[in-house]
Amino acid sequence: NAGVTQTPKFQVLKTGQSMTLQCAQDMNHNSMYWYRQDPGMGLRLIYYSASEGTTDKGEVPNGYNVSRLNKREFSLRLESAAPSQTSVYFCASSVTGANTEAFFGQGTRLTVV
Amino acid sequence: QKEVEQDPGPLSVPEGAIVSLNCTYSNSAFQYFMWYRQYSRKGPELLMYTYSSGNKEDGRFTAQVDKSSKYISLFIRDSQPSDSATYLCAMRRSNDYKLSFGAGTTVTVRA
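Going line by line, the protein sequences match chains A and B. All letters in the first sequence, in the order written, are residues 522 to 634 by the numbering used here. All letters in the second sequence, in the order written, are residues -14 to 96 by the numbering used here.
One thing to keep in mind: the hints can contain errors.
Said to hold, decoys possible - A few chain B residues facing chain A, derived, Cβ under 7 Å: (1) P(-1); (2) A2; (3) G28; (4) L31; (5) F46; (6) K83; (7) F86; (8) A88.
Worth flagging that the hints you see were computed from the coordinates, not collected in a lab. Note that CB positions come from ideal geometry on N, CA and C, so glycine has one too.
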């Protein structure tokens, strides 16, 4: 059972480049989330999708877009990467919208130079 | 000021010691409290979950919530080197999707 799978695991981008982070879960969860983790800041919610077909902004949505492709997949897109977006990105999923028991992926380490 | 404050440590203890971790928060509307464990270069995994005030025990782990003081704690008894990780507190309001996380405390248990 793979759980939550994120690709890629590592990425280096130049300022202004775009990329999409992929996330897929095989637990039949309704809700999915994208967080970023920075030193001393904890995890901050970027976007979430309470259910298939819906997405909402979290705490730090600027510079990002998301797509809930189907129940399994939730992608995060950086249209024009900036050095401030250097971070570790985590995708998570939960059974319901109340994400008390969120399951996290292994993370994507993104560096923007 | 952050909604959730957590001392980042690092905290180093000998094997067998009791590890004590805590978080304070400012939002009195928080009702659900969680502790996540995160090993180096891995995603967080849920360790303990508590609703409202009180204690919860699971094996060597005990979580405490004191809503009157806006203070939560995690205790690890008989600590093992395998407990070396970063521990993140998290909390949310009722019917709210968003979790508010502390910055995490890095713990090292020395063999």
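Legend entry - Which numbered hints fail: 1, 2, 5
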